[in-house]
Amino acid sequence: KNEVEQSPQNLTAQEGEFITINCSYSVGISALHWLQQHPGGGIVSLFMLSSGKKKHGRLIATINIQEKHSSLHITASHPRDSAVYICAVGPLDSNYQLIWGAGTKLIIKP
Amino acid sequence: DTAVSQTPKYLVTQMGNDKSIKCEQNLGHDTMYWYKQDSKKFLKIMFSYNNKELIINETVPNRFSPKSPDKAHLNLHINSLELGDSAVYFCASSQFLGVRNTEAFFGQGTRLTVV
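In order, the protein sequence lines correspond to chains A and B.
Per our numbering, residue 1 is the first one in the first sequence, and the count goes up by one each step.
Per our numbering, residue 1001 is the first one in the second sequence, and the count goes up by one each step.
Simulated from the structure, these hints should not be mistaken for lab results.
Take the hints with a grain of salt, since some may be wrong.
Straight-line C-alpha distance at most 30 Å; calculated DSS-like pairs for lysine-lysine [what the hints assert, rightly or not]:
1) B/Lys-1009 x B/Lys-1044
2) A/Lys-53 x B/Lys-1041
3) A/Lys-68 x B/Lys-1044
4) A/Lys-68 x B/Lys-1009
5) A/Lys-105 x B/Lys-1052
Source: prediction; values computed, not measured.
With the rest of the complex left out, here is chain A:
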């Protein structure tokens, strides 16, 4: 079993729908990152969380440290949100190592 599990692996939705991607982890962490990769592109940081909730535009990320769970929400989804979303955690014993989830491939249809 991987130390970072994401669900779902694939998600197809219609434009305008509310999207939720989940991430569960089994190790103690210093921070959790949500990352986005468009086809053929680099991986960009969306959020870095160590507690609570953060919001950037239509994106919201939450983390529950006790339950070792984080969610990424997209409101009013748009075809340009189509990408792979990756959850990555920084284990407590390192400032540089990251453990990545397998990613969630999101497709938003117009």
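Got chain A; can you put chain B on it based on the hints?
Below, chain B alone, put in the same frame as chain A:
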């Protein structure tokens, strides 16, 4: 406009060859990294440069040599490639040193296959 770009995306080469992977970031970040991803999706830090200065050099064979001509570039040169070097290598950058308290941006990865 890609924030961190690395080339090539795929690299297939024979044992014993020497190869380079290039990385560039246009974010104005001070710190750049090379990571090797293992089969369990764990990113193991290899090197980190801060303002062109080598900060972290983990226990990596000395066949691997990073070169940072300026803050925006960190290239990885590998001599005498071995089968065990096959992996996906990621370049990354962040404003400050370390990913504990700062966001990191990654290239798309280079899948190296040594045959």
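Notebook entry, point to check: Which earlier hints can't be squared with this structure?
Noted result: Violated hints: 4, 5; rest satisfied.
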